[in-house]
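Enquirer: Sequence:
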Amino acid sequence: MKLVDAVGRRHTPAGAGARIVSLVPSITELVCDLGLAERLVGRTGFCIHPRERVRRVAKVGGTKDVDLRRLRALAPTHVIVNIDENRHETVEEIARFVPHVIVTHPLGPLDNLALYRLIGGVFGREAEAEGLCERFERAYAACEREAAGFPSQRVIYLIWRKPWMTVSRDTYISRTLAIVNWHTVPETAADRYPEIAFDEAMLAGVDVVLASSEPFPFRARDVDALRALPELRGRAIALVDGEMTSWYGSRAIAGLEYLPQFRRALESGR
Numbered sequence: 001m002k003l004v005d006a007v008g009r010r011h012t013p014a015g016a017g018a019r020i021v022s023l024v025p026s027i028t029e030l031v032c033d034l035g036l037a038e039r040l041v042g043r044t045g046f047c048i049h050p051r052e053r054v055r056r057v058a059k060v061g062g063t064k065d066v067d068l069r070r071l072r073a074l075a076p077t078h079v080i081v082n083i084d085e086n087r088h089e090t091v092e093e094i095a096r097f098v099p100h101v102i103v104t105h106p107l108g109p110l111d112n113l114a115l116y117r118l119i120g121g122v123f124g125r126e127a128e129a130e131g132l133c134e135r136f137e138r139a140y141a142a143c144e145r146e147a148a149g150f151p152s153q154r155v156i157y158l159i160w161r162k163p164w165m166t167v168s169r170d171t172y173i174s175r176t177l178a179i180v181n182w183h184t185v186p187e188t189a190a191d192r193y194p195e196i197a198f199d200e201a202m203l204a205g206v207d208v209v210l211a212s213s214e215p216f217p218f219r220a221r222d223v224d225a226l227r228a229l230p231e232l233r234g235r236a237i238a239l240v241d242g243e244m245t246s247w248y249g250s251r252a253i254a255g256l257e258y259l260p261q262f263r264r265a266l267e268s269g270r
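Residues in the sequence shown are numbered from 1 upward in steps of one, following my numbering.
Hint data in this document are derived by calculation from the structure and do not stem from the laboratory.
Pairs of lysine to any residue, SDA-like flavour, derived with a Cα cap of 20 Å:
id, residue 1, residue 2
1, K64, R87
2, K64, P217
3, K59, F97
4, K64, A95
5, K64, F97
6, K162, P217
7, K64, E243
8, K64, D191
Based on the sequences and whatever the hints tell you, model everything.
Expert: Okay, here's the thing in structure tokens:
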């Protein structure tokens with residue numbers, strides 16, 4: 001087994017014979033944007049972008065419940081996984097019969113640069129990867145400029161209900177929101193995705209509550225229900241596009257364009 005990590009080490013390009021299975025939705029999109037769609041032979045049911053390209057690619061279950069029988073039948077040479085998205089025991093089993101397992105774990109927006117170069121380097125798409133890096137760096141700089149005038153605010157970012165769950169500051173989502181001067185609470189947590197209650201201690205100083213469209217599919221009616229809670233009165237509450245805040249890979253470029261516009265619209269009441 002050859003284990004490849006996301007620290008940017010150089011490897012011999014896989015070449016035209018690669019058969020790629022991606023178990024990470026955002027990286028499936030990145031694989032396609034690097035010009036590797038024809039090498040993609042398997043994906044999860046949550047790998048939905050780009051739709052026209054992935055709809056013809058075989059599904060191998062979900063990110064947490066991978067169908068190993070289907071995956072084995074595809075005879076992949078490379079499987080791309082993520083520490084947060086996929087179960088450790090599943091990855092260990094995959095490594096028993098797949099020659100190359102690419103393990104990723106971006107923890108902040110700037111990690112996308114290493115991610116682009118890693119995937120591009122493994123599959124001989126260095127020029128395409130550098131093109132994405134240039135686009136990302138321009139978008140990041142523009143986002144920082146636009147966000148420079150935003151006052152600091154404390155934010156609860158909801159990813160689940162029953163129980164309510166949020167993100168710790170040691171997550172990609174939290175570090176992404178920080179670019180526009182939104183700082184998630186709690187400030188410290190034992191878990192990266194902690195359960196919370198809307199009590200006085202949690203809500204102290206909170207300005208904004210964001211309900212994400214994923215992984216729990218919060219909708220407008222859920223936002224209305226949150227606004228009706230007495231303990232949340234006086235706080236801005238909004239539905240946020242979870243792909244724009246949590247998807248690394250090539251979609252992160254669109255996310256950098258989305259975030260300052262979203263915050264500005266929220267503050268203007270649109």
